[in-house]
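Visitor: Model the full structure from these sequences, guided by the hints.
There are 2 protein chains.
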Amino acid sequence: MPIAADLIRGHTETIILAHLYSRDSYGYEVNKSIYEKSGGRYELKEATLYGAFRRLEEAGRIESFWGDENTGARRRYYRITERGRSALRENLDEWGDAKKLIDILIQTEGERL
Amino acid sequence: MPIAADLIRGHTETIILAHLYSRDSYGYEVNKSIYEKSGGRYELKEATLYGAFRRLEEAGRIESFWGDENTGARRRYYRITERGRSALRENLDEWGDAKKLIDILIQTEGERL
DNA sequence: TCGATATACCTTGACAGGCGATGTATGTAT
DNA sequence: ATACATACATCGCCTGTCAAGGTATATCGA
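Chains as they are written, first to last, in numbering that gives the first Met the number 0: chain Y, 0 to 112; chain G, 0 to 112.
If you are wondering where the hints come from, they were derived from the structure by calculation, not from laboratory data.
If you're wondering where the values come from, they're calculated on a predicted model, not measured in any experiment.
Please note: incorrect hints may appear among the correct ones.
No copy labels: a pair is met if it fits in one copy or bridges any two.
Dumping the calculated BS3-like pairs for lysine-lysine here, alpha-carbon to alpha-carbon at most 30 Å [what the hints assert, rightly or not]:
{"no.": "1", "residue 1": "Lys-99", "residue 2": "Lys-36"}
{"no.": "2", "residue 1": "Lys-31", "residue 2": "Lys-44"}
{"no.": "3", "residue 1": "Lys-44", "residue 2": "Lys-99"}
Guide: Below, the structure is given as structure tokens:
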């Protein structure tokens, strides 16, 4: 994973919420989607993924239900709640602010790197 | 601190290195500088700051020396090393990549938030 | 002179998120 | 048969952050 995970830390839940905002989904698919969107440069570790799902559900930001596949491995689907959509909006705003702030804080005075 | 510290996490060392790239400095001043550049929205906790200095020095990215003030509290100054400058360049590159990646991963498909 | 405030350093213990490792089970392709 | 992909889940460790506490010097106002 060529992208330092430390830099993504703190965004895991936002990434998941953004995915679920578009459509209901399940763990494996969420992670495949991240992998594809990132051009194979990033994916969540399973322990990270399921830990985030647990926290999000405990916070009432997502709800889960078992899929009704009659073949293949069972899937636990997740659906974003209104609280989740609201949290997503806040997180996106915070990310915009944080991005600007970090850009300011890592500026070096005029020198060329 | 209206900016979520979780989003800055992972950038602490880069922020410090960027400051030291411009000039030698000491802990208190580094933090004041962050406070001012952020318009009062952010500052490092002291435990975080000094912890980062320790890690950076152990990694050979900075060097420290006592200031020669003959008045006021003593200051431990830090100087960035060549290894530190090199690490800074890498971190800035990674930040550029991470920024783009996160922006991609938190996109929602067409819907307006 | 006493207390508050600013400057300046540092450490300890706890916490939270992420991760490596491991385990379970079903289905498909060779 | 065996490997691989799909799909879920947990345990224990590691690391960066933070709250809280501690030390010391200098200044300013009451």
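Visitor: If a hint holds in the structure, say so; if it doesn't, say that too.
Guide: Results of checking the hints against the structure:
1. In this homomeric assembly, Lys-99 and Lys-36 come within 30 Å of each other (Cα to Cα) both inside a single copy, at 23 Å, and across copies, at 11 Å.
2. When the C-alpha separation of Lys-31 and Lys-44 is checked against a cutoff of 30 Å, the pair qualifies only within one copy, where the shortest distance is 11 Å, while the shortest distance between copies is 37 Å.
3. In this assembly of identical chains, Lys-44 and Lys-99 lie within 30 Å of each other by CA distance both inside one copy and across copies; the values are 28 Å within and 20 Å between.
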